[in-house]
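Keeping their order, the protein sequence lines are chains F and A.
Residues 1 to 145 in our numbering are what the first sequence spells out, letter by letter.
Residues 146 to 289 in our numbering are what the second sequence spells out, letter by letter.
One thing to keep in mind: the hints can contain errors.
[To be verified] What follows is a set of in silico ranges between Cβ atoms, one per label pair, in the way DEER data are often shown:
no., chain 1, residue 1, chain 2, residue 2, range
1, A, Ala164, F, Pro92, 35 to 41 Å
2, A, Glu283, F, Trp120, 18 to 24 Å
3, A, Glu203, F, Ala89, 22 to 28 Å
4, A, Gly264, F, Gly67, 43 to 49 Å
[Said to hold, decoys possible] So the derived list for chain A, only partly shown, Cβ under 10 Å to chain F, looks like this:
no., residue
5, Ala178
6, Gly180
7, Arg220
8, Glu247
9, Gln272
[As the list claims (entries may be wrong)] Chain F is nowhere near these chain A residues, computed Cβ spacing over 10 Å in every case:
no., residue
10, Arg154
11, Val167
12, Asp170
13, Leu179
14, Ser218
15, Ala222
16, Asp227
17, Arg229
18, Ala233
19, Ala242
20, Leu251
21, Val278
22, Lys282
It is worth saying that the hints were derived from the structure and are not from the lab.
Everything numeric in this text was worked out from a predicted model, so none of it was measured.
Beta carbons are placed, not taken as given, at the ideal position from N, Cα and C, and that holds for glycine.
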Amino acid sequence: MKKIFIDPPNSMILFDIVERLGHEPLSTMAALQERVDNLEIDMPPMNVTLDDVISGLKYAGIEVPSGIRGRLATWGPHIDEADAAIVMAEAPYSFGCVGCERSNEMVKYLLRRRGIPVLWVEYPGDKEAAMRMLEKTKEFLGGLE
Amino acid sequence: MSENKPRMRETRLVMISPASNVTPDLLVRTAHALGRELSAKETCYGCLLEGDPATVAEARDELRKLDPHGIYSKRRAYPAGDPRRCRAQHGTRPGYAQLESEWKLLANLQNAMDAIDLGEKAPPEPQKKILPVREFKEIYEVNL
Numbered sequence: 001m002k003k004i005f006i007d008p009p010n011s012m013i014l015f016d017i018v019e020r021l022g023h024e025p026l027s028t029m030a031a032l033q034e035r036v037d038n039l040e041i042d043m044p045p046m047n048v049t050l051d052d053v054i055s056g057l058k059y060a061g062i063e064v065p066s067g068i069r070g071r072l073a074t075w076g077p078h079i080d081e082a083d084a085a086i087v088m089a090e091a092p093y094s095f096g097c098v099g100c101e102r103s104n105e106m107v108k109y110l111l112r113r114r115g116i117p118v119l120w121v122e123y124p125g126d127k128e129a130a131m132r133m134l135e136k137t138k139e140f141l142g143g144l145e
Numbered sequence: 146m147s148e149n150k151p152r153m154r155e156t157r158l159v160m161i162s163p164a165s166n167v168t169p170d171l172l173v174r175t176a177h178a179l180g181r182e183l184s185a186k187e188t189c190y191g192c193l194l195e196g197d198p199a200t201v202a203e204a205r206d207e208l209r210k211l212d213p214h215g216i217y218s219k220r221r222a223y224p225a226g227d228p229r230r231c232r233a234q235h236g237t238r239p240g241y242a243q244l245e246s247e248w249k250l251l252a253n254l255q256n257a258m259d260a261i262d263l264g265e266k267a268p269p270e271p272q273k274k275i276l277p278v279r280e281f282k283e284i285y286e287v288n289l
């Protein structure tokens, strides 16, 4: 069983597919659960601790906006821990008011810098795209063993 | 399980594809019928399961048997009914826009999984065409 980083990191589709194929998805939810259960902060991820701010500096410079640094403080340790990654390109919900395109670019940069195998899959906007996505994912995860 | 022993929590969000015939009520009844130390909360999109990780994984596998290609799940950071997130207590739900967006895609995935099981092969990805300059000019010179 390999640890697979998924991007968007809270995607249910990728989380479910990786689990179905017998691997462990590394997602935002697990990182946030630690903060919800163990730390006395009001509402993660809206509120962060000083440790989060400091650990975010490992992944993004001090001049980078705090929102990006906060996101990378959550996702960065998972990128370090991952054996491989699956990135869903052009997912509409990772862009705009619910996402952050600069953070997404930083995640892709960090993945490339680590040099782990990365699969770029299509957004399953129709049945054919979903079939291509499933076949590619199955082949990719099968090849990791 | 001893009352004094610390237990790990896992909360799992189970979502039904729009193309599936399973109902949230059936999911929750099935989860309760397992007779495990597990809490199940019915929601509009499916249900929330909460318990220790091994029991939740077992319940997830049992629920999937109802419709193997129509039931999807992911972990959830906040516990079920947490006042910071629960709508019943006017909590915010910042991830709901994405959940709704992914829910609409689940029918595509369900149909794709059914087709792959029947032995169909995925059609090749359509090539992206380069936009000719003449057509591009027509687009940007359009007089609105």
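Status of the hints after comparison with the structure:
1. A/Ala164 x F/Pro92: 35 to 41 Å: violated (21 Å)
2. A/Glu283 x F/Trp120: 18 to 24 Å: Given a distance of about 32 Å, which is not inside 18 to 24 Å, the answer is violated.
3. A/Glu203 x F/Ala89: 22 to 28 Å: violated (34 Å)
4. A/Gly264 x F/Gly67: 43 to 49 Å: holds (47 Å)
5. Ala178: Hint violated; A/Ala178 Cβ to chain F Cβ min 23 Å, cut 10 Å.
6. Gly180: Not OK, violated: A/Gly180 not within 10 Å of chain F, min 24 Å.
7. Arg220: holds (4 Å)
8. Glu247: holds (5 Å)
9. Gln272: violated (13 Å)
10. Arg154: Since the minimum Cβ distance to chain F is about 7 Å, A/Arg154 lies within 10 Å and the statement is violated.
11. Val167: At roughly 15 Å from the nearest Cβ of chain F, A/Val167 sits farther out than 10 Å, so the non-interface label holds.
12. Asp170: At about 21 Å from chain F, A/Asp170 clears the 10 Å cut-off, so the statement holds.
13. Leu179: holds (19 Å)
14. Ser218: A/Ser218 not clear of chain F: closest Cβ-Cβ about 6 Å, inside 10 Å.
15. Ala222: At about 4 Å from chain F, A/Ala222 fails to clear the 10 Å cut-off, so the statement is violated.
16. Asp227: Not fine: 8 Å to the nearest Cβ puts A/Asp227 too close to chain F.
17. Arg229: About 5 Å separates A/Arg229 from the closest Cβ of chain F, which leaves it inside 10 Å; violated.
18. Ala233: Fine: 17 Å to the nearest Cβ keeps A/Ala233 off the interface.
19. Ala242: violated (5 Å)
20. Leu251: Its Cβ does come within 10 Å of chain F, the nearest being 8 Å, so this is violated.
21. Val278: holds (25 Å)
22. Lys282: For A/Lys282, whose nearest Cβ neighbour in chain F is about 26 Å away, the distance exceeds 10 Å, so it holds.
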